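*Asks:* Chain residues, written in single-letter form:
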Amino acid sequence: MDITPPITKPTLSLIHSWRIRLKLWKRSAKEFLYDLLIHPTALIGSIIVILYILAAILAPQITVHNPENGNLRNRFTPPAWEKDGTWEFPLGTDAQGRDLLTRILFGSRISLIVGGVAVGISILIGSTLGALTGYYRGKLDSIVSRFADLLLAFPFLIFAIGVMAFIGPGITNLIMALIFKGWVEFFRLVRGEMMSEKSKEYVEAAKANGMGSLSIIVKEILPNIINSVFVLGTLRIGDMIIMEASLSFLGLGIPPHIPAWGSMIASGRDYMLVAWWVSTFPGIALLILVLAINITGEGLRDILDPRLKLEG
Amino acid sequence: MKATKILERVLAALPIMLGVAITVFLFMRLTPGDPVDIMMGRGGAVSEGEIEKLRSEFNLDKPLYTQLGIYLKDAIHGNLGYSYIQKYPVTTLIIERLPATIELAIAALIISLVIAFPIGIASAVWQNSLLDRLSMAGSFLGISMPSFWFGIILILLFGVQLHILPVQGRIDFDAHLSIKTGFYIWDSIITGNHVALISTIKHLILPGITLGAAEAAVIARVIRSSMLEILRSDYIVLARSKGASEWRVILKHALRNALIPTVTIIGLQVGVLLGGNMIVETVFSWPGLGRMVVSAIFARDFPLVQGAVMVYAFTFVMANLIVDILYTYLNPKITF
Amino acid sequence: MINTNNTLLEIRNLSVTYPTRRGEVKAVENLSLTVPAGGRLCLVGESGCGKSTVLHAILRLLRPPGRITNGELLFRGRDLRKLRAKEIQGVRGKEISMIFQDPLTTLNPVFPVGEQIRESLRLHQIIPGLSLPWPLDIIRRKQEKEIVLKAMQEVGIPSPMDRYSIYPHQFSGGMQQRALIALALVCGPALLLADEPTTSLDVTIQAQILDLMLKINQDHNTTIVMVTHDLGVAAEFCDTIAVMYAGRIVEIGPAETIVIHPHHPYTRGLLTCRPHIGEKAQQVKPIEGNVPDLTHLPPGCAFAPRCPLAQTVCEQGPVPLIQVEKNVLTRCLQPVDNRRDPSWTWDQIVRI
Chain C
1 MDITPPITKP
11 TLSLIHSWRI
21 RLKLWKRSAK
31 EFLYDLLIHP
41 TALIGSIIVI
51 LYILAAILAP
61 QITVHNPENG
71 NLRNRFTPPA
81 WEKDGTWEFP
91 LGTDAQGRDL
101 LTRILFGSRI
111 SLIVGGVAVG
121 ISILIGSTLG
131 ALTGYYRGKL
141 DSIVSRFADL
151 LLAFPFLIFA
161 IGVMAFIGPG
171 ITNLIMALIF
181 KGWVEFFRLV
191 RGEMMSEKSK
201 EYVEAAKANG
211 MGSLSIIVKE
221 ILPNIINSVF
231 VLGTLRIGDM
241 IIMEASLSFL
251 GLGIPPHIPA
261 WGSMIASGRD
271 YMLVAWWVST
281 FPGIALLILV
291 LAINITGEGL
301 RDILDPRLKL
311 EG
Chain R
1001 MKATKILERV
1011 LAALPIMLGV
1021 AITVFLFMRL
1031 TPGDPVDIMM
1041 GRGGAVSEGE
1051 IEKLRSEFNL
1061 DKPLYTQLGI
1071 YLKDAIHGNL
1081 GYSYIQKYPV
1091 TTLIIERLPA
1101 TIELAIAALI
1111 ISLVIAFPIG
1121 IASAVWQNSL
1131 LDRLSMAGSF
1141 LGISMPSFWF
1151 GIILILLFGV
1161 QLHILPVQGR
1171 IDFDAHLSIK
1181 TGFYIWDSII
1191 TGNHVALIST
1201 IKHLILPGIT
1211 LGAAEAAVIA
1221 RVIRSSMLEI
1231 LRSDYIVLAR
1241 SKGASEWRVI
1251 LKHALRNALI
1261 PTVTIIGLQV
1271 GVLLGGNMIV
1281 ETVFSWPGLG
1291 RMVVSAIFAR
1301 DFPLVQGAVM
1311 VYAFTFVMAN
1321 LIVDILYTYL
1331 NPKITF
Chain P
2001 MINTNNTLLE
2011 IRNLSVTYPT
2021 RRGEVKAVEN
2031 LSLTVPAGGR
2041 LCLVGESGCG
2051 KSTVLHAILR
2061 LLRPPGRITN
2071 GELLFRGRDL
2081 RKLRAKEIQG
2091 VRGKEISMIF
2101 QDPLTTLNPV
2111 FPVGEQIRES
2121 LRLHQIIPGL
2131 SLPWPLDIIR
2141 RKQEKEIVLK
2151 AMQEVGIPSP
2161 MDRYSIYPHQ
2171 FSGGMQQRAL
2181 IALALVCGPA
2191 LLLADEPTTS
2201 LDVTIQAQIL
2211 DLMLKINQDH
2221 NTTIVMVTHD
2231 LGVAAEFCDT
2241 IAVMYAGRIV
2251 EIGPAETIVI
2261 HPHHPYTRGL
2271 LTCRPHIGEK
2281 AQQVKPIEGN
2291 VPDLTHLPPG
2301 CAFAPRCPLA
2311 QTVCEQGPVP
2321 LIQVEKNVLT
2331 RCLQPVDNRR
2341 DPSWTWDQIV
2351 RI
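These protein sequence lines are chains C, R and P, in that order. Counting along the first sequence from 1, when you hit position 124 you're at 124 in the working numbering, and nothing is skipped either side. The working numbering runs 1000 ahead of the 1-based position in the second sequence. The working numbering runs 2000 ahead of the 1-based position in the third sequence.
Hints are computed from structural coordinates only; laboratory data are not their basis. In this text, all values refer to a predicted model and were calculated from it rather than measured experimentally. It is possible that part of the hints are untrue.
[Claimed, not checked] Straight-line alpha carbon distances no greater than 16 angstroms define the calculated EDC-like cross-link-like pairs of lysine to aspartate or glutamate that follow:
no.: 1; chain 1: P; residue 1: Lys2086; chain 2: R; residue 2: Glu1246
no.: 2; chain 1: R; residue 1: Lys1087; chain 2: R; residue 2: Glu1057
no.: 3; chain 1: R; residue 1: Lys1252; chain 2: P; residue 2: Glu2115
Hey, can you work out the whole structure from these sequences and the hints?
*Replies:* What follows is the structure in structure tokens.
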């Protein structure tokens, strides 16, 4: 259905170093942009994600209110378009009289940091272990695989809640809890791919040329797997963000004084009858971000790795 | 032949369960905080003798591996220890709450399947139609939506604005249901209490939808994509060439094949269902296991948390075991 | 055209198109054919010439977006194109059956082979009686199973009792094709459409399957329309051959005449490009060039760009079917005169 097919694996398998591969990436950047254009949803998704990132970085500059302290006299000001609303607080204020829009903008920092860092470190740990165990097998493989199987026996959220229950709330703890189980999926993906790529001709050829096994892994095989990892990573950022918000909602994630969407929604829940906006808007912000990330991820999958079949 | 393979799967699940039990135990014992302090409520004014008594009562004075041994031995006998706070056996507390959770989970699963199957099938049959585009957009929304926020929005809409559905608890107080098993639907049917039955069903709708929405989205997508692939296959042409009607082709020949990947994803989704359970029970004040765990966490009632996490993990392993077994019946090509 | 008495199937001016991004693909254009009851007709051509499309069009099994744009499909005097969905479902499998190229992917992987054959019987109510839901239909199921077992026996599936309830992947390729034939024949159809039934099979099995189909044709007087790319198979099996090129029939006539005295240069090309045992490789002459783009067919003869004998007149306008011999029609303005072509030797035709 695509007019310009993405670079296919067989051609890649002939390419022998990251450097050539990088050059190819540059040359195919045009093709990639073109692919992005014919996947308009992916384009829109990535633009929205970039806007969120900008908002998170510039939050102190583009807001006028203090995100952590408010004036109680302003509490429960409704959104500007409602009766009694004012454009000073476009989306209204919460129980402590803090501006909701300001807190939402600052809250995007937590979501993006937690999602990005948790997925980034999960990829690092998972891919490294997966590449080593998938290529060398042996004792390390059986130990790590057993451990991964064990972690898979826990549903993700239950596991994160359990860990947070024991180590206590906090942003570092939260990221650690997410990584603790998050690496497993990347590990399994890379390990599986590594095992199947390992027996292909181009690896045999590299071996025959006297290449060391470590450089075969890094220079030959990893470039062929990286697209799948990248796509899976994008799709998992959204999940991690929802996970963070869920934990914060339960009071197990980010401490309540720091603006985070999950805890904002939780605090609004108590005032649902008098101030519907306190829960609603952080949720919409969260929904749009996760939606944009997922759309981007799906688009990237179509463009970069049509073979990959990930569900859920 | 099939029986021995199923037995193999069951036996393979046992070490995983053991590993789960050990992991949960170690997590609890290796985190800082003295359980005795928690039990005493940090009140002070407790004599050394009492503390020592408590320590030996909970086996806290013994080395870690002995504690683990005792713990595992007890767990096999169905004894998961005592709650620090409620001073009841953890098993009793969990069993008390379990029917509420199971009832909600089943309701959510039924709701998600009832939504997912027609939508998944229809959007595959009429690919690229308006219906397909709308339902796929909807499923994207379902996947990207945090369940706790969705629950709150439903409460705002149906409870606060429209006043048509209850938003808290399992049943109205004035339904006078005499509880037999803890499964309110079952109880109200066997006692012939229509009021209670209707009240229970009404109470199940919003939490059920909240919990089931994300499942429905994922399952519908899997059904759609596998149906699309199957509807292009040769055996569908054969079924048509036999003279089967279009609906028979779709519902018998295609769907039966699409069930294979669908059942796998449903098994995996049980994990999400269990996790979402804590959130949804908190949002809807549902007196189930999940809500109990959340309050136990804040009370630092670790034996209860530990026991509940084990029950969750055990349920998840069992669900996947059932999926594996179902698989052998759905897919004739299966060889373990 | 060949024998208008006792006609079972008559196709008049059939056109099928597949809309694509690059334009409409005219897979079949203005095709007319007559099949007498009890006859064996072969459609021969390269892949992509529209021969399978004709078969699928007859039963209205074209995959969307493909559709019949014109023509009549007269089966026993009824136009299949005009039947309602329910009526065509009654024809499929009961009066006209089809067998396919790749038996493994054609059989449904999740149902036992015997049950798949039995489904045809049930769909067409071959055993009359009340439609009781499963499992109340024990008696009827038993009767149906017996017919299935007989059909499996007839197509040469050994010990059908044991094989009734096993799954397609447990069958060998030849057995799968036999099962498909049993499935097609179990309701006793008058017409059997065979879409390259031997292509995916080993050569020895191919011959067995062809023998089986010949036997069916003789024992039950089942009319067979077969599609193949192999002129040798066609010559062996059929009484009439229709050669197709780019969606049109280019030559049609009795099998022996077509194989021994081909008039159309394309038919001749098909004959000389088949390798034969004992021949040296350089004697095999491939047809130069490729199958034309079906979205942009030349105005004249579609084969002209590849034809060694093409003249300017060939490219100017549509070429009609011309009668060159009794019962032989050729769509060619420069029919090959075999007797005068020195490079042509009759020994090159070897039967399988």
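*Asks:* For each hint given before, does the structure comply? Return the numbers of the non-compliant ones in rising order.
*Replies:* Of the numbered hints given earlier, the structure breaks none, since each of them holds.
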